[in-house]
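S.K.: Listed here are the chains, written in short residue letters.
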Amino acid sequence: MIDLSTTYLGLKLKNPLVPSSSPLSKHVDTLVQLEDAGAAAVVLHSLYEEELIAEDAMTDRFLLHADLHDGEATGFLPDHGQYQSALDHYLEHLQKAKARLSIPVIASLNGVTPCGWVDLGKELQDAGADALELNVYHVAADPLESGDLVEGRYVALLHELKSVVSIPIVMKLSPFFSSLPHLVKRLEAGGAGGVSLFNRFFQPDIDLDSLEMVDQLHLSSREEALLRIRWTAILRSQTTMTLAATGGVHGYEEAMKLLLAGADVVHLASCLLEHGPGRLSQILQDMKTWMIEREYSSVAQLKGSMSQKNLRDPSAVARLSYIRVLDSFTPRAGVWR
Amino acid sequence: MRTYLNLDGNEAAARMAYLGSEVIAIYPITPSSNMGEWADEWAAQGKPNLWGVVPKIIEMQSEGGAAGALHGALTSGALGTSFTASQGLLLFIPNLYKMAGELTPFVLHVAARALATHALSIFGDHSDVMACRATGCALLASNSVQEAQDMALIAQAATLAGRIPVIHFFDGFRTSHEVAKIVAVEPETVRAMIDDTLVAAHRSRALSPEHPVIRGTAQNPDVFFQSRERANPYYDAFPGLVQAAMDRFGELTGRQYRLFDYVGAPDAERVIVLMGSAAETAEETVEHLTTRGEKVGVLKLRLFRPLAPAALLAAIPATAKSIAVLDRCKEPGSDGEPLYKDIVTAFAEAAADGIRPMPRVIGGRYGLASKEFTPGMVAAVFDELKAAKPKRQFTVGIVDDVTHLSLAWDADFRTDASRRLQHAVFWGLGADGTVSANKNSIKIVGEATSLQAQGYFVYDSKKSGAVTVSHLRFGEGAIRASYLVEEGMAGFVACHQTVFVERYDLLAHAAPGGVFLLNTPVPQDEVWASLPATMRAGILSRGLKLWVIDAYAVAQAAGMGRRINTIMQTCFFAISGILPRDEALAAIKKAVDKTYGKKSKRLADLNHKAIDVTLASLHEVPFPGLLEEGAAPIALPTPVDVPAFVRDFTLPIYRGEGNSLPVSAMPVDGTFASGTAQYEKRNIALEIPVWEADLCTQCGKCVFVCPHSAIRARAFPAEAAAGAPITFKHVPARSKDFPAGTHISYQVAPEDCTGCGDCIEACPIHDKSNVSRLAVNMAPVAPLRDAERDNFNFFLQLPEFDRSLLKHGTIPGAMLLDPLFEFSGACAGCGETPYIRLATQLFGDRMLVANATGCSSIYGANLPTTPYTVNGAGRGPAWSNSLFEDNAEFGLGMRLASDQLMAYAQSLVKEMASGIGGDLAQALITADQRQETGIRAQRERVAVLLQSLATSKHPRAAELISLAEWLIRRSVWIIGGDGWAYDIGYGGLDHILALSYDVNILVLDTEVYSNTGGQTSKATPLGAVAKFSAGGKATAKKDLARIASDYGHVYVATVAYGAKDVHTLRAFHEAEAYDGPSLIVAYSPCIAHGVDMLYNQRQQDLAVKSGHWPLFRFDPRLEEAGANPFKLDSAPPSQPIKAFMDSETRFAMLARSHPEAAERLLAEAQKDADRRFKGYQELAQRATDAPKGDLK
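Chains A and B, in that order, are what the protein sequence lines are. First residue of the first sequence: 1, per the working numbering; consecutive thereafter. First residue of the second sequence: 1, per the working numbering; consecutive thereafter.
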């Protein structure tokens, strides 16, 4: 019997596959399907700072201060007290999810500014969240903001959130840090329970007809797993914190690789959006098959077995491999020769 | 224990009405709409009535509909009520006769309002309720917010006991909108007042098949009369039953009312009799005068119908020698107003019977349409009663220099009560939250202290940049002042907008030694010098303390954007000392939590933060003790070159001096010159568009979308620009259609622009090297204003381009036509006004406009100005508003008159043909005037005709001279909103559509009642949240256009200029050219949709692309030509309806309040959109024999 169990933020999970924050988690029925398919935990869709701000602006303008018009119109939309804020909606969803699922439910907060919104973490905790994912979705585009300040923003938000909640916190990071291990160490010192590697930034695109920037959501590709494999392998050697890998996992191959590199859990989103919950069962089955064929008995046994410190050649995940890869590239026949 | 409430009169009355009702049928009308809205809100919250059941709230298509539904509910056993005012009450009247005739108990709550006569007014007087005095309903007056609550309950108890329906009324705005601290009527009091045996008796009279009866018979001369007399005992008994209810209420609450409450000297010689809120002012004045030994008193009349003369006379001291009866209404042609005549009759009858001697009784009118009625005016009436020969009929509150009926009054008269109170006045903008902050402050003071509190809020009539003045009073004991804070009485005056400093006399209300608080971005040490000299002098002469804060900077720093209400409220409490500072701040925070609480913790936190940092930014400004020499007071600039009428009438009203205009300054019949909005120069934009002539392709789109006609385009010969201001921009016309040397200018009117930014959103041109630079870009107005003002003035003086040389069928060409509708008071970014402006550009010189009441009549003709204007020849739209419900018929009348007088003139031409000249006569009669060229030719013929008639000896020449202008075809436009077209005026509209007359009907479809605040209409789409559809409208929008097209002979178009402007243009041309009824249903985004009006065009585009608003035209002429008359002009939806619905708060909020309903209604909306589009496609694909195509 293969033991797939793993530990994530101190939570004992039956296996390492955890559907990540995506539109799938907006419906409790879908979450139940994921649990039935074998998911070990779920991360809910994010409660976005921007969503709350936009909603506040709307509420403020059209509901709370709608009576700012003229003598005849004392407001335009009825405010019958039944209005639920995005937060209330999220909390209700979280409570429903907790009531119907037996697996841990991780709530997700997504934002960048230290203006009190992370205080909402307390309410997520009270609503039953088993852990919190703090997704600091920050595009560091300000020339006056140094790398140190950028890191400081993450640490400050973590600190703010830590001060209001007692459940574990995992920080979802972007890959764009000049020294990722340094930041991870700072976060560890700041009390983070783990880090999640990596955020996939939505990239704005240009519409050639309207000449406007447009937002596009592209699903991940398997190639994206490579960045996660490298950094999981490096960080596994440096920290005992939980490491979650997210992005590019479409089959058991990426899942196994990330576990070998040292991930405690592997997140899934694009493959589930594309193929449905059955894909999760399939990956789980394929993982077992792979482990049986190679006579592994547990995930714990293989987890981190290929982290940087366990490699015969640690440079394989560092700079030297760069040269090897470039030198080995051979163009397709007929392109250059 | 007493519970205190801080609320307005509408809410106070609605609370009681709700508890005692099972069916509430309503229809929105100012100022009563809020009562229905409260009822709707409570029902949506599941709040039960007295019997534990949630009343059924039903919005009808008109007040007539509400009355009918209510009648049906009452006669079938339910307890019911309604709320209305003014014209709405008039529409109730037919049913009121019926309900009273059938002895049907119920209470109709009325926020009494002026009736439309020479003009509409939304403000308060008793014209409407007085028009009901013959209906058989009782008329019961409330004089204050407290009474609006108390009498609502007393009325309900009395009507159940006596079966006479009661019209319970209080003064519109003055009481309906005054916020005051009142003692709540507790539920057990309501329980004790409503006798369930009487309720059961009402129910036992219900129509029921279990024990059937027949009601509503037709009666003949033999018995009708006797039947009418049969109910007399009920009327005889009713005053006693009302008094009994008042007595019972007095026992339960300690507040004892009487049918006629007398206050004053027991031995009064002079007595005023009146009802409504003015009775409170009269009581305050009487109290003041009697303490000075004056023998005066006031009779506060509460039950006007059925009148109880004996009780009335008994309430007036026998010592009274002269009585003044004040009516808040006017009956032209009568020898006295209704209350006066009733009192005279009562005294005359008593005198004839030898009960008491006949006193001198005089009658006066006051307070029409919320005209101020002050203690000084009360004193003036008492003075008049002292005169040896007082005026038998008089007015007070105005200066009547025509019939000299008015009394003079002392504007400086102040009562002791007024001097005991603390007064505060706040100047703000509609959008800055001043009013809501002040309402909040009243609640805080009311709840935290034993002080009484009162707030009254004065709005100007603009929908964009509206000025609000809040009048607050606080003090121990009852506040009876039902008038504005008087000049020189406010210990605290705040100005929340710096620009007002230059524009208004802000210090007039300030009391000596008081505080003037100014929100200004000017640094503290520069503020004093920055103030106008008149203001500096005013501050010094009154010994005011000047405090300043840069509230916008504080708001910005606190993350609150431009929301300054909490900050200014904090300043008020910090400076005024009305509460201990810490206590006040804690109370404001508590209020913030209550307001934002569940909706947004973040907003609550930001407000807390702002409150905390406000005090550090609030400063008292030290200033020199003397006004520097040589600083001449700055008078408000009086524009030169304005017509005398504008100088002497329009502009004084605009400056807030309308109250001082005498009767002689008024037109006798409510007729005004058009073209006056141009003189306002409201300067409300912070940013204005700047034209980049080098980039511009002269497409005209910015002109097309501008809601205020503040971007203009004109073509002119280059040489006309000689002598132009140096910054005036003009470039050669790009189109080859223009004669060589033609230049074009796009010019902004910097002082009339509202800064909505719609032009920028419409501009399709990008700088190739910088996509953010368009052919028009917004820029701060301050550095541009002076130069652009000169440029605009120069632009207006350019010669008008020959219209016949412009292509009216293209956007670039049509937008070079001068608009004859400009600078209206509509909201910034209004989605309606571009359609009206377009019509005036194309047809303005021949338009007759019938305009339904609503937004378009308010921004179209709310004094002091009108945006309808004239062209260089003095021609332009002639406009009128009759009512809300009759607009289609009103417009038809215009058509009938035009046709009839044209036929009359043509018959004269025929008769005089030999003198006129056969060819000219023939041409005058047979001229083809469908197009503008034909009309121009006819005008020339008419000019020739008039020339020849001038010397004609024909006996009917003078007759034809007076009729000749009717030989020119008039373009009749019937304009109104969806509330009119889909609901209240639909019957008339349908009738006009069914006829064949040549009228153009423009429906500005905002999908809600916009003017009264977003109530549901039959145009409201499925799934939208609107008032009375809190759970999302469950039924689909009525397809008015398709219904009209079913007639077959009606030209119909649905348009949305933001989606397809050229389609809109084409539809207007086709509709106008069609010789029959035309209907254009125009999609008009509105702030009521809960979306920023900057995105007006985007929302129109999305509405079309998602299938919410398909575009089509139905042209009967095509059918005549053998083609398919139905032309579908928009492509199959390229976006799901969800994309549209998610983008507007009216839909999006449903997902937050009723998530399951939102999901279900979204699915239904998609289905409905699919079904509708499929239906249109089928119509468009109908096989026809003839070739398809547009009309050329």
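Misleading hints may appear alongside valid ones.
Claimed, not checked - Computed cross-link-like contacts, DSBU-like style, restricted to lysine-lysine with a CA-CA straight-line distance of at most 30 Å:
# : chain 1 : residue 1 : chain 2 : residue 2
1 : B       : Lys47     : A       : Lys96
2 : B       : Lys341    : B       : Lys443
3 : B       : Lys609    : A       : Lys162
4 : A       : Lys96     : B       : Lys443
5 : A       : Lys122    : B       : Lys609
6 : A       : Lys122    : A       : Lys96
7 : A       : Lys26     : B       : Lys443
8 : B       : Lys545    : A       : Lys122
9 : A       : Lys96     : B       : Lys594
To be verified - For each label pair, taking beta carbons as the anchor points, the in silico distance ranges come out as:
#  : chain 1 : residue 1 : chain 2 : residue 2 : range
10 : A       : Lys122    : B       : Glu487    : 39 to 45 Å
11 : A       : Val32     : B       : Val213    : 55 to 61 Å
12 : A       : Val139    : B       : Arg734    : 48 to 54 Å
13 : B       : Glu502    : A       : Leu217    : 47 to 53 Å
14 : B       : Arg1160   : A       : Thr240    : 23 to 29 Å
15 : B       : Glu502    : A       : Leu208    : 46 to 52 Å
16 : A       : Leu208    : B       : Arg734    : 58 to 64 Å
17 : A       : Glu50     : B       : Asp990    : 55 to 61 Å
18 : A       : Val139    : B       : Pro1136   : 48 to 54 Å
19 : B       : Gly52     : A       : Gly191    : 49 to 55 Å
20 : B       : Ala718    : A       : Leu217    : 52 to 58 Å
21 : A       : Ser102    : B       : Trp51     : 44 to 50 Å
22 : B       : Arg1160   : A       : Glu50     : 35 to 41 Å
FYI, nobody ran anything at the bench for these hints, they're computed from the structure. Since we're looking at a predicted model, the values are computed, not measured. Each residue gets a CB set at the ideal place from its N, CA and C atoms; glycine is no exception.
S.K.: Give a verdict on every hint.
M.R.: Hints and how they fare:
| no. | hint | verdict |
| --- | --- | --- |
| 1 | B/Lys47 with A/Lys96 | holds, 27 Å |
| 2 | B/Lys341 with B/Lys443 | violated, 42 Å |
| 3 | B/Lys609 with A/Lys162 | holds, 22 Å |
| 4 | A/Lys96 with B/Lys443 | violated, 38 Å |
| 5 | A/Lys122 with B/Lys609 | holds, 20 Å |
| 6 | A/Lys122 with A/Lys96 | holds, 18 Å |
| 7 | A/Lys26 with B/Lys443 | violated, 41 Å |
| 8 | B/Lys545 with A/Lys122 | violated, 46 Å |
| 9 | A/Lys96 with B/Lys594 | holds, 27 Å |
| 10 | A/Lys122 with B/Glu487: 39 to 45 Å | violated, 53 Å |
| 11 | A/Val32 with B/Val213: 55 to 61 Å | holds, 60 Å |
| 12 | A/Val139 with B/Arg734: 48 to 54 Å | violated, 42 Å |
| 13 | B/Glu502 with A/Leu217: 47 to 53 Å | holds, 51 Å |
| 14 | B/Arg1160 with A/Thr240: 23 to 29 Å | violated, 50 Å |
| 15 | B/Glu502 with A/Leu208: 46 to 52 Å | holds, 49 Å |
| 16 | A/Leu208 with B/Arg734: 58 to 64 Å | violated, 25 Å |
| 17 | A/Glu50 with B/Asp990: 55 to 61 Å | violated, 48 Å |
| 18 | A/Val139 with B/Pro1136: 48 to 54 Å | violated, 30 Å |
| 19 | B/Gly52 with A/Gly191: 49 to 55 Å | holds, 54 Å |
| 20 | B/Ala718 with A/Leu217: 52 to 58 Å | holds, 53 Å |
| 21 | A/Ser102 with B/Trp51: 44 to 50 Å | holds, 47 Å |
| 22 | B/Arg1160 with A/Glu50: 35 to 41 Å | violated, 28 Å |
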